[in-house]
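Position chains B and C relative to chain A; hints supplied.
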Amino acid sequence: MGTIATIHEMLVKKQVSCTELTQRYLDAVEQANPALNAYVNVTPDTALATAAAVDKKIAAGEEIGALEGVPMTLKDNMSTKGIETTCCSKILTGYKPIFDATVWEILQEQNAVLLGKTNMDEFAMGSSCENSCFGGAANPFDTNYVAGGSSGGVSSAVGGNIAAYGLGSDTGGSIRQPASFCGVVGLKPTYGAVSRYGLIAYASSLDQIGPITKTVEDASLVFDAIAKKDKRDSTSVGGGNTYATLNRDIKGMKIGIAREYLDGVRDDVKEATLAAAEVYKSLGAEIVYFDLPVLKFALPVYYIIACAEASSNLGRYDGIRYGYKTAHYTGTHDMICRTRSEGFGEEVKRRILLGTYVLSAGYYDAYYKKATDLRGTIISAFNKAFEQCDVILAPTVPMTAFEKGHAVSDPIETYLTDICTVPVNIAGLPGVSVPCGFNAKGMPIGMQLIGKSFGEAQILNAAYRYQQAAPEKFRDTKWGVKL
Amino acid sequence: MVTREDVENIALLSKLFVPEEELDGLTKSMQEIIDFADAINNAPASAEGFDCINNLSNVFREDEVVPSYPSEEILRNAPAQAEDHFLVRNRE
Amino acid sequence: MKYELVSGFETHIELQTKTKIFCGCTTQFGGEPNTHCCPVCIGLPGTLPVLNREVVRFAIKAGLAVHGEIASVAKMDRKNYCYPDLSKAYQISQLYAPLIIGGYVELSSGKKIRLHHIHIEEDAGKLIHRHGDTYVDYNRGGVPLIEIVSEPDIRSVDEAREYVEKLQQVMRYIGISDCRMQEGSMRCDVNVSVRPEGSETFGTRTEIKNMNSITNIVKAMEYEYDRQVDLIESGGKVVQETLRYDDVSGTTSSMRSKEDAHDYRYFRDPDLVTINIPREEVEALRAEMPELPADKCRRYIDALGIPEKDAQLLTKYRRISEFFDAAIEGVKSPKTVSNFIIGQMFRRAETESDKEQFDLPTTPQQLNALVKLLDSGKIRNNLAKATLEKMLDTGKPATDFISESDMGGVDDNALLALCKAAIEGNAKAVADFRGGKEKALKALVGNVMKNSRGKADAQAAEAKIKELLG
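Residue numbers (the numbering used here), protein chains in the order written: chain A, 1 to 483; chain B, 1001 to 1092; chain C, 2001 to 2470.
These are calculated hints, taken from the structure and not from any lab test. Wrong hints could be hidden among the right ones.
[As the list claims (entries may be wrong)] Dumping the calculated DSBU-like pairs for lysine-lysine here, alpha-carbon to alpha-carbon at most 35 Å:
1. K2112/C with K90/A
2. K228/A with K2079/C
3. K229/A with K2219/C
4. K281/A with K1028/B
5. K2075/C with K81/A
6. K2079/C with K1028/B
7. K452/A with K2075/C
8. K2079/C with K81/A
9. K2075/C with K296/A
10. K96/A with K2166/C
11. K2075/C with K384/A
12. K369/A with K2209/C
13. K96/A with K2126/C
14. K2209/C with K81/A
15. K2075/C with K96/A
16. K296/A with K2079/C
17. K2112/C with K2002/C
18. K2166/C with K369/A
19. K81/A with K2018/C
20. K2166/C with K2111/C
21. K231/A with K2075/C
22. K2079/C with K229/A
[As the list claims (entries may be wrong)] Over the 10 Å line for every Cβ pair with chain A, so calculated as not near, a few chain B residues:
23. D1038
24. D1063
25. D1084
Note that the structure is predicted; figures quoted are calculated from it, not measured. A virtual CB, placed ideally from N, CA and C, is assigned to each residue, including glycine.
Next comes chain A alone, as it looks inside the complex:
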């Protein structure tokens, strides 16, 4: 499998040059992308220039880092200097940032080979990737199915072996859900672990960047690299240092299952999750059941807070400083309204309107204020839960990937697919989605391990031990580069 570890070893042993490897990936992108639609912008020049630099280092006998020369991708909401960054929205057409996101700055220092920018739901609002102005990304297990969202492009690319890994962002499940749908690993770090500087905001108090990878150790490697305190992000704390403890024995670890997480979950997903619990038992962990009744408010709390923040964050797209501008108008107000009405897609407009509504005079207390208060309640409920267990096990999504075109009809039904992922964002906790089985049609099922605040080491340790015990759940697809 084209994991980071495999590639690193091949480069170090000079089994392949970085340029050669990069070219193989670029060729694979060209071949697979028409079917997967994972990439919205391929950057061969950048990729090959970095690859050449890495080859030079190797030729000079210099040591290379774990991520050095490894072909990867970024979700198209991370700012890349001089490289178009659109959030898959018409309103950012042609926008080339004049600065780099902190995560991209860190990865460039490590000579990460950027193959291109990947597809997403417009402004990260969606669960299928179909709200992209470029059309949705396909699932590498079956292209009739969606890749999930919003980081669908990254998970499709990683699942389809046209990137060894990628960075996604997760506001209400946007890393974990597509990772689950595409049979790969997706880590949403603790809020503050990874700098948000340069990540185009959807909902600032919920957004967090994290890796989507083929294996747990890859997720750990990438997380350790990017989880650095950043003075440009006031909410940044840093983190990292998960790799050293990946293989620690989990005997005696208390794994909690909140009954509410299993409510309304489809049978195949529930069975796979409970089967994973059995694997953990066999590894010596203790399974603890408990109730987390406040979870039933998580979804409305999430939508109120996320939309409120989004309505404010997205006010700046006015056709004056960057991006799309309407062709015909009369007066500034008219220009701004036309630009926004033409530039934003339906779901984005819906969330802006909802967010404006819950913040507006007369509704602020009943919705926004109440939701933030409940956020406090949800946080303390999680704190109490972690008095009884070390890690919480839950399904990532109540179902497996749906067929293309299925999601768009009913917004609320679509919102419900986020039920298992949003609590983690509300509480700022880390969560990792790990493949744990397949349904009757062979589509992947993911389980979620949720940790205490800054408890990434613990959940990745638990995830890694599971991966070791159940390697058959990590199935490759027919696409892309075979190493």
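Using the frame of chain A, we list chains B and C on its own:
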């Protein structure tokens, strides 16, 4: 209860045009989402409250000048510019 | 019926920090358009604000200067409105937990104009309208501001003028702003309402936005007072609205348009963390505060015997009061120093900004040396005055203009002799004076001055002659 007037007002605040023919549909759809959000009104009153995640405080910069960007960079992505300014023509 | 004016002020003051409130760009006034900008202050997607520590410190000083309560916990909020000068479509400001609560500004009458609060926020960019097109410059975007919100305690245009002057004075004293209204570093939104005299309830208020001179504030308030009174007298009703003042026509007009919906949807800015202000920090800042103008003025009157009017003039500008403080070191009469400063030096600092800088060629130490010569009787007042003019022209010390023989001066005995000689040698003048011609005295004094080659003190000579002539 979300009214047509509510939707018109929030659309104006959001700087979005809602075509007359979409107004009723959007009002209905907003009402459904608001009904869904109303679930929180059954939630127990919170004693904890919420400040900010990780309870961070006092993150500051020192008052030291960092060189600004050249105006060509600042204006690089502007849909329209003139005389080193961002430009909004009255009509186009 | 007589109507009472009721007014409250929202005063924006740009802080003189080196850098903007949320990024490292310079706050310098002017500069080529869009050259004091970076991704943060033009609001590029993905950028984040980091609060400038100095802004918080300056705001706390402002709070201490107006006797406000410094909050122990403060937070930043977003004020959402869409306008081309606002690069993020929200202004980062404070609503729910401002830095400073309460406080007051005391007028010379002793009346206190109470303050509601003071908060910190970012300034917007600048729009230039030309032929209907709009040109946007974000150099000013992100410059730190404090907004001082008063209670509606102002009852006359005179009080309004004094309130603004007092704020300007104290904020300059503590060194947080130059408060130059013409450059926009101090701007006022003025709320005006009227009510029948004796009434306890407030009338409907209007808000005149963005006033940038005291003269215009006074004119606009007078106009608005008359307009509202006329409206009520003729049976109309004042509408609560935002107005702009046109200084050419001298009238106010509504800024409302159907495009502006006024609902700022304030909420906590999730990109910024809580500000905790330890009491020790407040005390440390308090210790750094200079003596405030009101305290200084009181001290000059009570301890130094300066007349109230002069004390107010001396304390109006911090630099002048500091000049005075340094120049009175060890002198017998501080009032003499004050007279020199007010009588001769003020003329040389013509403009407002000259007075603010008070950067004249003569140093306080040089003035101090001159006054000490006077104190010791080595020179006389008129020579000192003339010498000070020369000093101010050249920046040279007094001793450069006064010779040893000058400094021999004219002592009391010598003066007596000179006066006697003048009386004896000018019988006609003496007779005229005795006959009631006050002017004749001048001739006698002139004689004394001539014979002393100008070294005698004319006032002393006049007094002595009068004494001799009974």
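Hint-by-hint comparison with the structure:
For the proposed pair K2112/C and K90/A, the alpha carbon gap of about 56 Å is over 35 Å, so the pair is violated. Note on K228/A and K2079/C: the hinted pairing holds, with a Cα-Cα distance of about 31 Å set against a maximum of 35 Å. At roughly 54 Å between alpha-carbon atoms, K229/A and K2219/C are farther apart than 35 Å, so this suggested pair is violated. For a cut-off of 35 Å, the pair hint linking K281/A to K1028/B is broken: about 49 Å separates their Cα positions.
For a cut-off of 35 Å, the pair hint linking K2075/C to K81/A stands: about 32 Å separates their Cα positions. The straight-line distance between the Cα atoms of K2079/C and K1028/B is roughly 29 Å, inside the 35 Å bound, and the hint therefore holds. This hinted pair checks out: K452/A and K2075/C have alpha carbons roughly 27 Å apart, not beyond 35 Å. Taken as a hint, the K2079/C and K81/A pair is honoured in the structure, with Cα atoms around 30 Å apart against an allowance of 35 Å.
About 30 Å separates the Cα atoms of K2075/C and K296/A, which keeps this hinted pair within 35 Å; it holds. Among the hinted pairs, K96/A with K2166/C is inconsistent with the structure: their alpha-carbon atoms are about 49 Å apart, more than 35 Å. A distance of roughly 28 Å separates the Cα atoms of K2075/C and K384/A; the hinted pair therefore holds under the 35 Å criterion. Of the pairs offered as hints, the one joining K369/A and K2209/C holds, with about 31 Å between alpha carbons and a cut-off of 35 Å not exceeded.
Note on K96/A and K2126/C: the hinted pairing holds, with a Cα-Cα distance of about 25 Å set against a maximum of 35 Å. Distance hint between K2209/C and K81/A is unfulfilled; the C-alpha atoms sit about 40 Å from each other, more than 35 Å. At most 35 Å may separate the alpha-carbon atoms for a hinted pair to count; K2075/C and K96/A meet this at roughly 33 Å. A C-alpha spacing of about 31 Å is found between K296/A and K2079/C, which places the hinted pair at or below 35 Å, so the restraint holds.
As the CA atoms of K2112/C and K2002/C are separated by approximately 24 Å, the hinted pair is consistent with the 35 Å bound. For the given pair, K2166/C sits about 39 Å from K369/A by alpha-carbon distance, which is inconsistent with the 35 Å threshold. With a C-alpha separation of about 28 Å, the suggested pair K81/A and K2018/C falls inside the 35 Å cut-off, and the hint holds. Of the supplied pair hints, the one linking K2166/C and K2111/C holds, its CA atoms being roughly 12 Å apart against a limit of 35 Å.
A threshold of 35 Å between alpha carbons decides the hint, and for K231/A with K2075/C the separation of about 19 Å falls inside it, so the pair holds. For the proposed pair K2079/C and K229/A, the alpha carbon gap of about 28 Å is at most 35 Å, so the pair holds. The beta carbon of D1038/B sits about 8 Å from the closest Cβ of chain A, which is not more than 10 Å, so the claim that it is off the interface is violated. Non-interface status of D1063/B relative to chain A is upheld: no Cβ of that chain comes within 10 Å, the nearest being about 14 Å off.
The non-interface label for D1084/B is consistent with chain A: the shortest C-beta to C-beta separation is roughly 14 Å, beyond 10 Å.
In this structure, the hints that do not hold are numbers 1, 3, 4, 10, 14, 18, 23, in rising order.
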